[in-house]
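Listed below, chain by chain, are the residues.
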Amino acid sequence: MTDSSRREFFKGAALGAASLVTSTRIDAAAPEAQAAPAQATAQAPPASAAYGSDFMVDVLKTLDLEYAAINPGSAFQGLHESLVNYGHNTMPELLTCLHEESAVAMAHGYAKAAGKPMLVVVHGTVGLLHGSMALFQAWADRVPVVLIVGHQRNPTGIVNRPHSAQDMGSLVRDYVKFDDEATTLERFAESAMRAYRIAMTPPMGPVLLVVDAALQESRVPDRSALRIPALTLASPPQGDAVAVRDAARLLANAERPLIQMQKVGRTPRAWDLMLELADTLQAPVDVGTYGSWQTFPSWHRLYGNGGPGYTADVTLGLEVSDMSAAARAARTSGRKTISISAEHLFQGSNIHDFGRYADVDLAIAADAEATLPALIEEIRRAMTPERKAAAEARGARIAAAHQQTQLRAIENARFGWDSTPVSVPRLVAELGEQIKNDDWAIVSGHQFTGDWQRRLLNFDRHHRYNGDCGGFGIGYDTPASVGAALANKKAGRLSIGIVGDGDLNFGPGVLWTAVHHRIPLLLVVHNNRAYHAEVMIIQRMAGSRARGSGTAHIGTTIADPDINHAQLARSYGMYSEGPIENPRDLAGAYQRALAKVRAGEPALVDVISQPR
Amino acid sequence: MRAFALAAALMAVALAGVTEAQAPAAPGAPTGDPSRGKTLFEKTYRCYACHGFDAQSGSPRLVPMTRTQAAFTTYLRKPASPAMPTFADPPLQDLADVYAYIRSLPATAPSAESLPVLRDVLQRRANQP
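Residue numbers (this note's numbering), protein chains in the order written: chain W, 1 to 612; chain C, 1 to 129.
No wet-lab data here; the hints were simulated from the structure. The beta carbon of each residue, even a glycine, is placed where N, CA and C say it ideally should be. Among the hints, a few may not be true.
Have a look at the derived ranges for each label pair, beta carbon to beta carbon [unchecked claim]:
#1 W:N582 / C:A88: 35 to 41 Å
#2 W:R570 / C:P110: 45 to 51 Å
#3 W:T332 / C:S59: 26 to 32 Å
Could you put the whole structure together from the sequences, leaning on the hints where they help?
The structure is reproduced here in structure tokens:
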């Protein structure tokens with residue numbers, strides 16, 4: 001599969017339902033299908049839906065949901081049984097998860113790699129609350145997840161009563177875009193279509209369907225009386241033509257334009273458009289510290305902030321959630337700032353991830369990706385021959401400055417190269433050496449590996465990096481890596497997650513899920529035996545109070561006893577190497593683990609590492 | 001041009017690795033014990049948290065240590081950078097021991113040219129169009 005055929009998020013109504021219903025299915029001969037021989041084979045489905053949950057499966061099958069990540073619960077026992085026996089456990093295929101947070105985080109990572117949502121089904125109240133943290137991360141990352149929660153609206157026993165709520169959706173309403181509890185099957189069908197459309201309309205996000213257990217288990221007397229409406233995706237909003245022209249003129253006439261991006265790189269198409277925009281303007285592209293996707297090639301000549309002394313006179317922010325600092329600085333010096341973002345379509349939130357108010361000169365409420373073609377075209381129209389010549393000269397200067405900076409940054413990896421514990425740059429560089437001839441993808445974030453991934457690995461394709469968690473909560477990287485690796489499996493890509501020991505231990509059960517479903521993935525544990533950022537934070541706090549300089553380890557370190565993650569992985573049936581303390585042992589460990597991954601299995605390498 | 005850029009970058013880092021002459025301890029300052037300093041560096045004050053166990057894989061690098069012991073102590077008591085924790089309460093002897101330990105650590109790193117993996121990364125980056 002090529003870049004252009006994947007992550008077709010947000011092509012809008014032009015694709016619509018037709019393309020969705022014709023999507024590929026899991027190869028029946030794939031290892032997943034053979035993964036659990038002890039389980040009973042699903043029976044051929046009845047000719048027609050006999051139960052409410054059978055009809056729900058009919059609805060879900062129209063939504064191109066390849067997988068349903070679940071942890072079982074009686075509040076959705078009807079739907080569970082229908083998915084397996086009526087739906088024949090395909091489209092969606094159940095993924096057995098050992099924690100709902102893992103299930104939702106897997107869906108989060110999967111959506112970014114596959115370009116479409118995964119279904120997650122959870123138990124009433126308890127399952128939803130377990131999954132709520134990962135739901136929050138997906139919401140903060142603007143990533144679609146379709147979540148169903150079973151609801152025993154009329155509980156009959158002491159066990160069921162806590163699984164019921166007056167308003168189930170309220171438990172997570174702060175971090176879903178839409179939630180609904182249908183009271184009839186036809187309403188369920190409509191609600192499912194609406195939920196999917198809302199999830200996939202920028203700014204995207206998770207959606208929740210609450211499904212009453214009684215409705216699931218109800219009889220369907222006449223299936224032909226129940227209609228499933230067609231799914232039509234909404235085309236993403238494009239910027240107003242006049243405003244886009246104004247932005248283009250500012251940029252075309254700028255002496256030192258700068259492009260900032262955050263959540264703009266959802267699709268390979270966005271990647272191509274970003275290259276086109278940067279090339280047209282010959283402007284540096286600053287992707288910031290964290291991101292949801294790789295939005296621009298990390299070794300590109302225009303990747304960076306323009307080099308020393310480059311002060312932008314016009315800054316264009318594309319899906320940047322907080323441009324307040326740039327806008328404030330620009331206001332005081334007559335420089336200009338432009339923001340194009342679907343975030344301007346804000347409809348309310350209890351979470352302050354929108355940042356401070358940015359008094360930009362031009363704010364365009366639109367999906368940046370959808371707006372880029374028009375913006376590029378307007379910039380081309382506004383570029384006189386003189387401006388084009390100036391841009392070319394600017395681009396050459398920027399490229400030279402960036403190359404100097406980047407080579408120096410790469411070269412700094414030599415410090416601590418032979419140290420024990422293993423330095424983070426060596427952990428990354430030795431990995432890069434082993435995968436440089438593969439079609440690889442880093443499916444974890446890089447929040448805790450400094451900037452070494454982007455320095456030492458050539459992120460030259462859209463799928464090379466799957467981004468950070470969105471909400472800055474620990475526990476995302478490991479399950480999201482498993483979900484993304486599942487998506488990459490179909491594309492034949494080599495998936496690698498570099499995860500912290502702190503992250504892994506939030507939900508190590510997902511290792512079992514990866515093994516059980518034969519999801520090929522190399523997990524490299526950056527094992528610094530601490531919540532390391534917190535060690536430094538507590539050191540600073542104690543220092544500011546002039547006391548307790550020697551106590552920062554209390555409550556922040558993961559030692560005494562040290563955790564052996566290789567042994568942990570083996571207990572879940574996963575191939576593992578380590579703990580690796582000598583950097584000279586890294587290459588061999590990577591080679592052996594990657595051989596397993598290339599053969600279709602997950603594997604883990606536990607690396608005892610320097611803090612950062 | 002590419003070769004020039006690569007050579008220039010390597011030269012810059014090579015210059016940064018030049019070790020300065022060992023600075024004498026200030027008169028009256030405690031004499032440090034590097035062995036005890038290692039324990040303090042790694043287990044008590046956890047200097048490694050930012051600077052690395054080797055004092056060079058973290059940031060900022062502490063080796064080669066160019067400050068005098070007196071300047072080192074003054075800096076820890078009242079750091080100029082907000083990123084650096086203040087170490088106001090440790091006894092002077094502890095700081096002297098940590099200082100002695102840092103001074104005992106290897107101050108050099110291998111050149112990038114001598115590391116095939118890193119040399120390959122640099123070459124591939126330099127060859128980017």
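Hint check:
{"no.": "1", "hint": "W:N582 / C:A88: 35 to 41 Å", "in the structure": "holds, 38 Å"}
{"no.": "2", "hint": "W:R570 / C:P110: 45 to 51 Å", "in the structure": "violated, 34 Å"}
{"no.": "3", "hint": "W:T332 / C:S59: 26 to 32 Å", "in the structure": "holds, 31 Å"}
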